[in-house]
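Student: The residues making up each chain are set out below.
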Amino acid sequence: MTATNSSEYKGIWVFAEQRDGVIANVTFELLGKCREFADKLGQKLSAVLIGENLEDTAHELIYFGADEVILADSPVFSKYRTNPYTDILVELVNEYKPSMIIYGATSVGRDLAPRVAARLKTGLTADCLDLEVDDNGLLIQTKPSYGGNIMCKIICPNHRPQMTTVRPKVFPMPARDSSRTGEIVRKKVNIKEEDIPVKIIETAKEESKGPKIEEADVIVAGGRGLETKENLKLIKELADVLGGTIGVTRPLVDEGWLPPYYQIGQSGKTVKPKLIITCGISGAVQFTVGMQSADVIVAIDKNPDAPIFNVATYGIVGRVEEIVPELIKKFKAMLNK
Amino acid sequence: MNIIVCVKQVPDTMDVKIDPVTKNLIREGIEGVINPFDKNAIEEAVKIKDEYGGKVTAISMGPPQFKESLKEALAMGVDEAILISDRAFAGADTLATSYVLAEAIKKIGNYDLIFCGKHAVDADTGQVGPEIAERLGIPQITFVKSLKLENDAVVAERLLEDAVEKVTVKLPAVITTTKELNEPRYPSPIKIMKAARKEIPIWSASELNADPEQIGLKGSPTQVVDIFTPEKTTEVEMIQGTAEEIANTLFEKLREKKVL
Ligand SMILES: Cc1cc2nc3c(=O)[nH]c(=O)nc-3n(C[C@H](O)[C@H](O)[C@H](O)COP(=O)(O)OP(=O)(O)OC[C@H]3O[C@@H](n4cnc5c(N)ncnc54)[C@H](O)[C@@H]3O)c2cc1C
Ligand SMILES: Nc1ncnc2c1ncn2[C@@H]1O[C@H](COP(=O)(O)O)[C@@H](O)[C@H]1O
Numbered sequence: 001m002t003a004t005n006s007s008e009y010k011g012i013w014v015f016a017e018q019r020d021g022v023i024a025n026v027t028f029e030l031l032g033k034c035r036e037f038a039d040k041l042g043q044k045l046s047a048v049l050i051g052e053n054l055e056d057t058a059h060e061l062i063y064f065g066a067d068e069v070i071l072a073d074s075p076v077f078s079k080y081r082t083n084p085y086t087d088i089l090v091e092l093v094n095e096y097k098p099s100m101i102i103y104g105a106t107s108v109g110r111d112l113a114p115r116v117a118a119r120l121k122t123g124l125t126a127d128c129l130d131l132e133v134d135d136n137g138l139l140i141q142t143k144p145s146y147g148g149n150i151m152c153k154i155i156c157p158n159h160r161p162q163m164t165t166v167r168p169k170v171f172p173m174p175a176r177d178s179s180r181t182g183e184i185v186r187k188k189v190n191i192k193e194e195d196i197p198v199k200i201i202e203t204a205k206e207e208s209k210g211p212k213i214e215e216a217d218v219i220v221a222g223g224r225g226l227e228t229k230e231n232l233k234l235i236k237e238l239a240d241v242l243g244g245t246i247g248v249t250r251p252l253v254d255e256g257w258l259p260p261y262y263q264i265g266q267s268g269k270t271v272k273p274k275l276i277i278t279c280g281i282s283g284a285v286q287f288t289v290g291m292q293s294a295d296v297i298v299a300i301d302k303n304p305d306a307p308i309f310n311v312a313t314y315g316i317v318g319r320v321e322e323i324v325p326e327l328i329k330k331f332k333a334m335l336n337k
Numbered sequence: 001m002n003i004i005v006c007v008k009q010v011p012d013t014m015d016v017k018i019d020p021v022t023k024n025l026i027r028e029g030i031e032g033v034i035n036p037f038d039k040n041a042i043e044e045a046v047k048i049k050d051e052y053g054g055k056v057t058a059i060s061m062g063p064p065q066f067k068e069s070l071k072e073a074l075a076m077g078v079d080e081a082i083l084i085s086d087r088a089f090a091g092a093d094t095l096a097t098s099y100v101l102a103e104a105i106k107k108i109g110n111y112d113l114i115f116c117g118k119h120a121v122d123a124d125t126g127q128v129g130p131e132i133a134e135r136l137g138i139p140q141i142t143f144v145k146s147l148k149l150e151n152d153a154v155v156a157e158r159l160l161e162d163a164v165e166k167v168t169v170k171l172p173a174v175i176t177t178t179k180e181l182n183e184p185r186y187p188s189p190i191k192i193m194k195a196a197r198k199e200i201p202i203w204s205a206s207e208l209n210a211d212p213e214q215i216g217l218k219g220s221p222t223q224v225v226d227i228f229t230p231e232k233t234t235e236v237e238m239i240q241g242t243a244e245e246i247a248n249t250l251f252e253k254l255r256e257k258k259v260l
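The listed protein sequences derive, respectively, from chains C and X. Residue numbers for the first sequence follow this note's numbering, beginning at 1 and rising by one. Residue numbers for the second sequence follow this note's numbering, beginning at 1 and rising by one.
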């Protein structure tokens with residue numbers, strides 16, 4: 001394939017994901033990381049914001065590190081849909097020629113980015129866990145393969161823009177600075193509703209009690225070592241005492257004990273709580289890849305050789321039904337709950 | 001209803017190692033199986049055909065051993081299977097893969113639905129489905145957990161992070177499947193035997209009239225520059241004693257770490 005003339009492409013773009021005007025946290029995380037790249041390379045950091053009625057929202061992106069917000073505001077963008085978002089983004093790329101575009105590896109990012117990549121005939125790396133940039137502005141993308149057993153570093157040397165989707169929660173949330181200023185560039189939109197093939201009939205929120213698992217500070221996670229569905233109550237009680245939420249391994253979701261919403265790991269959620277307590281979880285990489293960046297990991301497992309102890313901060317060899325009730329008792333007493 | 005299913009073969013275990021010297025995957029003794037989400041794709045395609053009539057074709061791009069997975073697809077009820085195989089395809093990233101699959105789909109022609117898995121569990125990209133849709137210039141519905149046909153349109157539920165979105169689109173369209181969509185069938189021994197005897201044509205680059213610039217390494221903008229096994233970074237501290245002692249010690253430790 002003919003290479004793109006890389007020198008024509010400058011600037012770092014973050015695709016700003018929003019739903020109903022609320023920016024996804026991953027967008028801020030990406031702005032934080034890309035701010036470093038922009039400073040290192042001496043290039044501009046732009047957030048591309050597509051949606052409806054987003055004038056106020058746009059400023060938030062500047063407070064979190066963007067130099068500029070490119071805003072495409074129109075009723076046709078009120079909810080994310082593949083075709084109109086691809087059309088406008090590709091139009092913007094052809095107009096401004098950015099060197100890289102970074103997306104969150106969310107259902108939106110993973111639907112949109114490949115479509116854009118195929119139209120622009122450029123490279124795309126999925127679900128990255130780390131990004132670096134060299135002095136020449138080449139993006140070095142680290143992604144897991146084989147369920148996290150193997151890591152690959154991937155580059156896109158001859159085509160622009162360089163594109164990647166990055167897992168939520170792998171980069172820290174930057175500080176919000178409301179004294180930052182920047183430009184908002186408004187893009188005229190010519191897309192008509194009647195030309196959009198997909199229609200959304202309805203969106204049903206899966207309501208969960210307690211904090212969102214991706215955002216929880218404390219998670220008590222259960223695996224097959226819980227042995228019975230009844231014992232979910234045990235970890236729920238410990239989570240309540242700690243003001244946290246519960247999560248589970250895939251076998252429990254496969255068993256139908258809880259909906260997929262609660263699954264942590266490669267094919268579930270990535271979480272980054274301050275504290276996670278794993279109860280009867282062996283620690284397969286497909287699980288640990290989704291939680292290993294927690295600040296403190298406490299592992300409870302009856303098998304002293306369980307691989308979970310390789311990632312844990314504190315390890316407890318014992319049976320869940322003996323240890324957890326004791327933890328509930330102690331923490332309840334000390335935390336006055 | 002003419003349906004095409006894209007089937008990829010993946011190792012049956014994700015517990016793969018890399019040779020520290022050559023940096024290649026150690027493949028000995030690892031068998032190939034159909035990518036789990038592609039089984040959901042096959043199941044859905046066959047179910048739709050059983051209800052509405054028509055034909056299901058499974059296609060796979062890969063080395064000759066991918067035939068095994070196509071045989072399994074045939075045993076599951078697919079009518080026809082085509083292996084797209086050529087040394088010139090080697091080293092393809094998702095963009096080059098989607099080019100070849102899209103060219104094959106065009107050659108088959110006359111399609112109403114194209115199914116892909118939501119992602120393949122080896123490289124875990126999930127890009128090939130949407131890239132095929134773009135190359136064919138038709139809509140995509142990703143992460144589908146339920147599907148219904150209504151006249152010339154399809155109504156699908158998409159599984160998002162914390163919501164289910166119901167959408168509709170006119171055919172043709174590309175659908176990517178989740179494991180929530182259905183329970184893939186186990187083929188009967190008779191079907192397996194019949195499938196084993198069925199001819200699987202092989203299409204090469206020249207049969208597809210493929211542009212040499214868009215296939216294999218040449219057609220792949222991305223390059224893998226390093227591959228490694230992630231290393232562990234922490235040393236665990238074991239807490240011992242009776243359950244009560246453990247609870248006390250843990251509480252103190254967590255207080256020190258300021259997480260409580
Ligand atoms: C492509 C792919 C993707 C995957 N994605 C995910 C994913 O996203 N998330 C995920 O979790 N898994 C995923 N898996 C599955 C993963 O490989 C493991 O099978 C799974 O994480 C194991 O779950 P577990 O630890 O609950 O069960 P097990 O591995 O069975 O471990 C149970 C543990 O409990 C201990 N135990 C038993 N009884 C007790 C007791 N009474 N008290 C204390 N300890 C006890 C045992 O010693 C054991 O260590 C994936 C697999 C593949 C191939
Ligand atoms: N080589 C291939 N041959 C056939 N189908 C493929 C191939 N690679 C990917 N696919 C299809 O695209 C889906 C997503 O794959 P991937 O983008 O590699 O994660 C798979 O579930 C398959 O349906």
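Rather than coming from a laboratory, the hints here were simulated on the basis of the structure. Treat the hints with care, as some may be off.
What the hints assert, rightly or not - Each computed DSBU-like pair below joins lysine-lysine, with the alpha-carbon atoms no more than 30 Å apart:
1) X:Lys107 / C:Lys121
2) X:Lys55 / C:Lys274
3) X:Lys148 / C:Lys192
4) C:Lys302 / X:Lys23
5) C:Lys236 / X:Lys107
6) X:Lys55 / C:Lys199
7) C:Lys199 / X:Lys106
8) X:Lys258 / C:Lys236
9) C:Lys153 / X:Lys23
Student: Confirm or reject each hint.
Tutor: Cross-check of the supplied hints:
1. X:Lys107 / C:Lys121: This hinted pair holds, its Cα atoms lying about 21 Å apart.
2. X:Lys55 / C:Lys274: violated, 53 Å
3. X:Lys148 / C:Lys192: Satisfied, since the Cα-Cα distance of roughly 27 Å is no more than 30 Å.
4. C:Lys302 / X:Lys23: Violated: C:Lys302 and X:Lys23 sit about 36 Å apart, past 30 Å.
5. C:Lys236 / X:Lys107: With Cα atoms ~55 Å apart, C:Lys236 and X:Lys107 exceed 30 Å; violated.
6. X:Lys55 / C:Lys199: With a Cα-Cα distance of about 27 Å, the restraint between X:Lys55 and C:Lys199 holds, given a limit of 30 Å.
7. C:Lys199 / X:Lys106: holds, 26 Å
8. X:Lys258 / C:Lys236: holds, 22 Å
9. C:Lys153 / X:Lys23: With a Cα-Cα distance of about 12 Å, the restraint between C:Lys153 and X:Lys23 holds, given a limit of 30 Å.
Figure legend: structure checked against the earlier numbered hints; hints not met, in rising order: 2, 4, 5.
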